[in-house]
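Participant: Just need the whole structure built from these sequences, with the hints factored in.
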Amino acid sequence: MAAPRFPDYEPTVPVFLAQVTKRFGEGSDALTAVDSVSFTVAAGEFVSVVGPSGCGKSTLLHVIGGLTDATLGSVHVENETIDGPHPAVGIVFQEESTFPWRSVIDNVAFPLELRGVGRAERHAAASHYIDMVGLHGFEKRHPSELSGGMRQRVSIARTLAAKPRILLMDEPFAALDEQTRLLLGDKVLQIQQQLKQTTLLITHSITEAVQLSDRILIMSYRPGHLKRIVKVDLPRPRTSDIVSSREFGAYIADIWSDLREEASRGLSESERGSE
Amino acid sequence: MGARSPYLAPAISLGTIVGALAVMQGLIAAEIVSPYIVPLPTDILASFERVVVEEGIPGRFAVTVGETLAAGLLIMLVGIPIGLLLYRRARLRTAFEPWLAAIAAAPLVLAYPLFLVLFGRSSLTIIVIGFASGVAPVALKTIEGFASTRRVLIDVSRSFRLTPAQEFWQILLPAALPQIFVGLRLGLIFCLINVVGVEVLINLGGLGQLINDLAERYDLPGTYAAISFVVLVSILFFAILGRGEKWLQRRG
Amino acid sequence: MAATARMTGASGQVDLSVSTIRGVGALVLLGIWQGLALSGFFFRDVVPPLQKIAFGLAALFGNGAFYANLAVTGGELALALLIGGLAGLLVGLLLGGSQLMSDAYESWLSYLGPTPKIILFPVMIMLFGVGSGSKVAMGAVSCFFPIAISVASGVRGVDPTLRRVGRSLQANAWQMFLKIELPAMAAPLVNGFRLGFGVAMIGVLLAETKLSNQGIGFMIINAYTRFDMPQMYALLIVTIAFAAFVNAFAVRLARRFGARTV
Numbered sequence: 000m001a002a003p004r005f006p007d008y009e010p011t012v013p014v015f016l017a018q019v020t021k022r023f024g025e026g027s028d029a030l031t032a033v034d035s036v037s038f039t040v041a042a043g044e045f046v047s048v049v050g051p052s053g054c055g056k057s058t059l060l061h062v063i064g065g066l067t068d069a070t071l072g073s074v075h076v077e078n079e080t081i082d083g084p085h086p087a088v089g090i091v092f093q094e095e096s097t098f099p100w101r102s103v104i105d106n107v108a109f110p111l112e113l114r115g116v117g118r119a120e121r122h123a124a125a126s127h128y129i130d131m132v133g134l135h136g137f138e139k140r141h142p143s144e145l146s147g148g149m150r151q152r153v154s155i156a157r158t159l160a161a162k163p164r165i166l167l168m169d170e171p172f173a174a175l176d177e178q179t180r181l182l183l184g185d186k187v188l189q190i191q192q193q194l195k196q197t198t199l200l201i202t203h204s205i206t207e208a209v210q211l212s213d214r215i216l217i218m219s220y221r222p223g224h225l226k227r228i229v230k231v232d233l234p235r236p237r238t239s240d241i242v243s244s245r246e247f248g249a250y251i252a253d254i255w256s257d258l259r260e261e262a263s264r265g266l267s268e269s270e271r272g273s274e
Numbered sequence: 000m001g002a003r004s005p006y007l008a009p010a011i012s013l014g015t016i017v018g019a020l021a022v023m024q025g026l027i028a029a030e031i032v033s034p035y036i037v038p039l040p041t042d043i044l045a046s047f048e049r050v051v052v053e054e055g056i057p058g059r060f061a062v063t064v065g066e067t068l069a070a071g072l073l074i075m076l077v078g079i080p081i082g083l084l085l086y087r088r089a090r091l092r093t094a095f096e097p098w099l100a101a102i103a104a105a106p107l108v109l110a111y112p113l114f115l116v117l118f119g120r121s122s123l124t125i126i127v128i129g130f131a132s133g134v135a136p137v138a139l140k141t142i143e144g145f146a147s148t149r150r151v152l153i154d155v156s157r158s159f160r161l162t163p164a165q166e167f168w169q170i171l172l173p174a175a176l177p178q179i180f181v182g183l184r185l186g187l188i189f190c191l192i193n194v195v196g197v198e199v200l201i202n203l204g205g206l207g208q209l210i211n212d213l214a215e216r217y218d219l220p221g222t223y224a225a226i227s228f229v230v231l232v233s234i235l236f237f238a239i240l241g242r243g244e245k246w247l248q249r250r251g
Numbered sequence: 000m001a002a003t004a005r006m007t008g009a010s011g012q013v014d015l016s017v018s019t020i021r022g023v024g025a026l027v028l029l030g031i032w033q034g035l036a037l038s039g040f041f042f043r044d045v046v047p048p049l050q051k052i053a054f055g056l057a058a059l060f061g062n063g064a065f066y067a068n069l070a071v072t073g074g075e076l077a078l079a080l081l082i083g084g085l086a087g088l089l090v091g092l093l094l095g096g097s098q099l100m101s102d103a104y105e106s107w108l109s110y111l112g113p114t115p116k117i118i119l120f121p122v123m124i125m126l127f128g129v130g131s132g133s134k135v136a137m138g139a140v141s142c143f144f145p146i147a148i149s150v151a152s153g154v155r156g157v158d159p160t161l162r163r164v165g166r167s168l169q170a171n172a173w174q175m176f177l178k179i180e181l182p183a184m185a186a187p188l189v190n191g192f193r194l195g196f197g198v199a200m201i202g203v204l205l206a207e208t209k210l211s212n213q214g215i216g217f218m219i220i221n222a223y224t225r226f227d228m229p230q231m232y233a234l235l236i237v238t239i240a241f242a243a244f245v246n247a248f249a250v251r252l253a254r255r256f257g258a259r260t261v
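Chains A, B and C, in that order, are what the protein sequence lines are. Numbering-wise (numbering that gives the first Met the number 0), the first sequence opens with residue 0 and increments by one. Numbering-wise (numbering that gives the first Met the number 0), the second sequence opens with residue 0 and increments by one. Numbering-wise (numbering that gives the first Met the number 0), the third sequence opens with residue 0 and increments by one.
Hint data in this document are derived by calculation from the structure and do not stem from the laboratory. Don't take each hint at face value.
[As the list claims (entries may be wrong)] Covered stretches of chain A, going by a simulated chain B footprint (3 or more residues, C-beta under 8 Å): (1) 88-97; (2) 100-113.
[Said to hold, decoys possible] Using 25 Å as the maximum straight-line C-alpha spacing, the simulated SDA-like pairs for lysine to any residue come out as follows: (3) B/Lys245 to A/Leu145; (4) B/Lys245 to C/Met100; (5) B/Lys245 to A/His141; (6) A/Lys162 to B/Gln165; (7) A/Lys139 to B/Glu244; (8) B/Lys245 to A/Lys186; (9) A/Lys162 to B/Arg242; (10) C/Lys51 to B/Leu113; (11) A/Lys162 to B/Phe145; (12) B/Lys245 to C/Gly112; (13) A/Lys162 to B/Pro163; (14) A/Lys162 to B/Ile102; (15) A/Lys139 to B/Arg242; (16) B/Lys245 to C/Leu111; (17) A/Lys139 to B/Pro163; (18) B/Lys245 to C/Ala103; (19) B/Lys245 to A/Thr70; (20) B/Lys245 to C/Ser106; (21) A/Lys139 to B/Pro177; (22) B/Lys245 to A/Glu44; (23) A/Lys139 to B/Leu247; (24) A/Lys162 to B/Arg150; (25) A/Lys139 to B/Leu172; (26) B/Lys245 to A/Arg140; (27) C/Lys51 to B/Leu117; (28) A/Lys195 to B/Arg160; (29) B/Lys245 to A/Lys195; (30) B/Lys245 to A/Pro99; (31) B/Lys245 to C/Gln98; (32) B/Lys245 to C/Ser101; (33) B/Lys245 to C/Arg255; (34) B/Lys245 to C/Lys51; (35) A/Lys139 to B/Gln165; (36) C/Lys51 to B/Pro173; (37) B/Lys245 to C/Ser109; (38) A/Lys139 to B/Ile102; (39) A/Lys139 to B/Pro173; (40) B/Lys245 to C/Asp102.
All residues carry an ideal CB built from backbone N, CA and C; glycine is no exception.
Facilitator: Structure below.
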């Protein structure tokens, strides 16, 4: 399990991270969340980042999304070094992020509204994405009338409506139950295959990572560095049925052996008392 | 525990009122309780019509409600901007939010003689006292509303690269609105209480003055009728406000 | 989410700025006051200069009548809180403990609570006379509602899990109440009494200003009719400062018992 080599810079790569490090605080109190992470994501590729809790995966996504600056290193999206959120990047957050004061269709049409698209046109476009996430018929409802899973689908539809070429998802299904997760995972995969977006998914679920991804990046415990990259050679198109296959189980076991080590490091550190 | 009839609670509620009135009627008719202290409930009911017609209830109602709404408008126009300012300027907020909390809790209405002296014996005094009592809760809840905007919504705003103006109008303000309305409702309640209170105290204005008037004229049934009327108006007022707030909570 | 950056720099510096801002704010307000007072814009003592108010305060504390009236008002307030508080507590426990009672009567509390009690004053006079009785009645009626409402909601707010813990440990009814329910309700209870204190004070004092010949409220309106503005200001300052102090103390107490928002 050799450490990944520093990738060669290819101008056509949608996402490229070069030695990204993120530190919080200064001096002896500094917390290094992400330590010298480098990788690329190819066009149309679905990459997952897995790791134990507290390993900096969310921080990594926030850096790629331009919501926070890297302390060291650089992030390049579509050839440009980023300085704030890149217009080609769409982000789906872990927390509940629908606008409760807007109806479903007005939520999803929001990015189009910002671009000055007219009402009829943007509602038509939004309906398309609402259908895509399987919420047809719920256009006029308000988020408060929907379940958690449905609200997340609205958030996804809203992000998609901005037509991002690169999609970042931060544990979007973390708050949902297992069955809903699997089904929404299917949905996301369908959508990604249809729209051919480059997707980076943060998750703590190995099942989800193997189900959805082309490659899986395994992060170590804090300070989070890239431990290993696993290529998932399962056939496409995939559905949630694949979770019962033998190959699937083999991937899970393989990745878990890496993660267990990291996760138990995290557990024992918190037992020693967090300061 | 089996399902309870949905009529039981309202029946108890209504029954208690009717029962209490009946007991009152009985005690007073039997002269166990003097009718010069508490008039017969039937007399009170009878005087309702007289009070409404002869004492110009509609007009007085308009005066009281008008004063309350005027104070309400002022607390909105002054309280919300103050709240927004303190939200934006963290240090000003740390410095002065406790002062606002103290003002909100202070019995400012006690200073009514002062306001009388400053603004004269007029509706203006009443409106100013109503305003002073209600402005602090509005400002405080406005701050709270903006400050409690969920972090993820700010992240969404940044991910869509909204300008500061867009962020304010599209995200911050709608997210804060439910709390701001809680503040307005609270402020309006304070306004109403203090407006009616001062009307009684300085014997000027609408419904409050009517009660005062009738009491000084020793029109007992009328006084009780007027009090009941003010209570009914308050109940209506709060019911409407409560309904409005619930509607907003559903949307927020 | 990952940890956020910690603020660098000595926190002592931040505190100083806040105090400075407050000091500046206070100075500005006092300056405006003094300016208005000396401008002659208002009739005579309507806005007295700060020195006169200071003298008024000093004179007040040296005035024997002040303490006598303070005792009267204090006594009325205490009695009002006792009566209204006890009644509120009992009713609150009843409504909080029984869903049926709550459905039947709690809406009465939430609608009658915000209604201005001063309108009941003429009735109180008829029932209790023009002396302290009517003042105590006003105070008691005023504080009954916020206390009853807070207690009812506090009783309901006790986590049923805590009660189950008590039952599984074989706690008897008295132990349940004293060791589990009461501590669990402490924050809303304190809050209710805080609000009750505020409105009881208003009820008693306003009743005294309206019709009385003793008490702080009487002193206030008396000063007004004699146009002794410095004394009236002094009385108002003392009263409002006292109310603010009690309120702040109660807020701190409620927070200690775990109230998140007050």
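Participant: Next step is simple, just say for each hint if it's right about the structure.
Facilitator: Verification of the supplied hints:
Taking a C-beta to C-beta cut-off of 8 Å, the region 88-97 of chain A contributes 8 residues in contact with chain B, enough for the three needed, and the coverage statement holds. Counting residues of the region 100-113 of chain A whose C-beta lies closer than 8 Å to any C-beta of chain B gives 5; at least three are required, and the coverage claim holds. About 18 Å separates the Cα atoms of lysine 245 of chain B and leucine 145 of chain A, which keeps this hinted pair within 25 Å; it holds. Between lysine 245 of chain B and methionine 100 of chain C the alpha-carbon distance is near 23 Å, which keeps this suggested pair within the 25 Å criterion.
A distance of roughly 15 Å separates the Cα atoms of lysine 245 of chain B and histidine 141 of chain A; the hinted pair therefore holds under the 25 Å criterion. Distance hint between lysine 162 of chain A and glutamine 165 of chain B is fulfilled; the C-alpha atoms sit about 20 Å from each other, no more than 25 Å. Only pairs whose Cα atoms come within 25 Å are accepted, and lysine 139 of chain A paired with glutamate 244 of chain B is accepted, the gap being roughly 21 Å. At most 25 Å may separate the alpha-carbon atoms for a hinted pair to count; lysine 245 of chain B and lysine 186 of chain A exceed this at roughly 35 Å.
A distance of roughly 40 Å separates the Cα atoms of lysine 162 of chain A and arginine 242 of chain B; the hinted pair therefore is violated under the 25 Å criterion. For the given pair, lysine 51 of chain C sits about 16 Å from leucine 113 of chain B by alpha-carbon distance, which is consistent with the 25 Å threshold. Proximity of lysine 162 of chain A to phenylalanine 145 of chain B is assessed by CA-CA distance (about 30 Å); at most 25 Å being required, the pair is judged violated. With a CA separation close to 19 Å, the supplied pair lysine 245 of chain B and glycine 112 of chain C stays within the 25 Å bound.
Straight-line distance between C-alpha atoms of lysine 162 of chain A and proline 163 of chain B comes to about 23 Å, which keeps the hinted pair within the 25 Å bound. Taking the CA atoms of lysine 162 of chain A and isoleucine 102 of chain B, the gap is about 51 Å. The hint is violated against a cut of 25 Å. Proximity of lysine 139 of chain A to arginine 242 of chain B is assessed by CA-CA distance (about 22 Å); at most 25 Å being required, the pair is judged to hold. For the given pair, lysine 245 of chain B sits about 19 Å from leucine 111 of chain C by alpha-carbon distance, which is consistent with the 25 Å threshold.
Our distance criterion of 25 Å between C-alpha atoms is broken by lysine 139 of chain A and proline 163 of chain B, whose separation comes to about 28 Å. The hinted pair formed by lysine 245 of chain B and alanine 103 of chain C meets the criterion: a straight-line CA distance of about 21 Å does not exceed 25 Å. With a CA separation close to 46 Å, the supplied pair lysine 245 of chain B and threonine 70 of chain A exceeds the 25 Å bound. As the CA atoms of lysine 245 of chain B and serine 106 of chain C are separated by approximately 16 Å, the hinted pair is consistent with the 25 Å bound.
A C-alpha spacing of about 21 Å is found between lysine 139 of chain A and proline 177 of chain B, which places the hinted pair at or below 25 Å, so the restraint holds. Distance hint between lysine 245 of chain B and glutamate 44 of chain A is unfulfilled; the C-alpha atoms sit about 46 Å from each other, more than 25 Å. Between the alpha carbons of lysine 139 of chain A and leucine 247 of chain B the distance comes to roughly 17 Å, so the proposed pair stays at or under 25 Å and holds. A threshold of 25 Å between alpha carbons decides the hint, and for lysine 162 of chain A with arginine 150 of chain B the separation of about 24 Å falls inside it, so the pair holds.
A threshold of 25 Å between alpha carbons decides the hint, and for lysine 139 of chain A with leucine 172 of chain B the separation of about 22 Å falls inside it, so the pair holds. Our distance criterion of 25 Å between C-alpha atoms is met by lysine 245 of chain B and arginine 140 of chain A, whose separation comes to about 17 Å. A hinted pair counts as satisfied when its Cα atoms are at most 25 Å apart, and lysine 51 of chain C with leucine 117 of chain B qualifies at roughly 17 Å. Distance restraint check for lysine 195 of chain A and arginine 160 of chain B: the Cα-Cα separation of roughly 23 Å lies within the 25 Å cut-off, and the hinted pair is therefore satisfied.
Taking the CA atoms of lysine 245 of chain B and lysine 195 of chain A, the gap is near 44 Å; set against the 25 Å cutoff, the hint is violated. Distance check on the hinted pair: lysine 245 of chain B and proline 99 of chain A sit about 14 Å apart at the alpha-carbon level, within 25 Å; holds. Proposed proximity of lysine 245 of chain B and glutamine 98 of chain C is supported: the alpha carbons are some 22 Å apart, at most 25 Å. Simply put, lysine 245 of chain B and serine 101 of chain C have alpha-carbon atoms about 20 Å apart, close enough for the 25 Å limit, and the pair holds.
Restraint check: the Cα-Cα separation between lysine 245 of chain B and arginine 255 of chain C comes to about 31 Å, which exceeds 25 Å; the hinted pair is violated. For the suggested pair lysine 245 of chain B and lysine 51 of chain C, the alpha carbons sit about 50 Å apart, so the restraint of at most 25 Å is broken. Among the hinted pairs, lysine 139 of chain A with glutamine 165 of chain B is consistent with the structure: their alpha-carbon atoms are about 24 Å apart, no more than 25 Å. Straight-line distance between C-alpha atoms of lysine 51 of chain C and proline 173 of chain B comes to about 49 Å, which puts the hinted pair past the 25 Å bound.
Of the supplied pair hints, the one linking lysine 245 of chain B and serine 109 of chain C holds, its CA atoms being roughly 15 Å apart against a limit of 25 Å. Between lysine 139 of chain A and isoleucine 102 of chain B the CA atoms are separated by roughly 43 Å; this puts the pair beyond 25 Å, and the hint is violated. A C-alpha spacing of about 18 Å is found between lysine 139 of chain A and proline 173 of chain B, which places the hinted pair at or below 25 Å, so the restraint holds. This hinted pair checks out: lysine 245 of chain B and aspartate 102 of chain C have alpha carbons roughly 19 Å apart, not beyond 25 Å.
Hints 8, 9, 11, 14, 17, 19, 22, 29, 33, 34, 36 and 38 from the earlier list are contradicted by this structure; the remaining hints agree with it.
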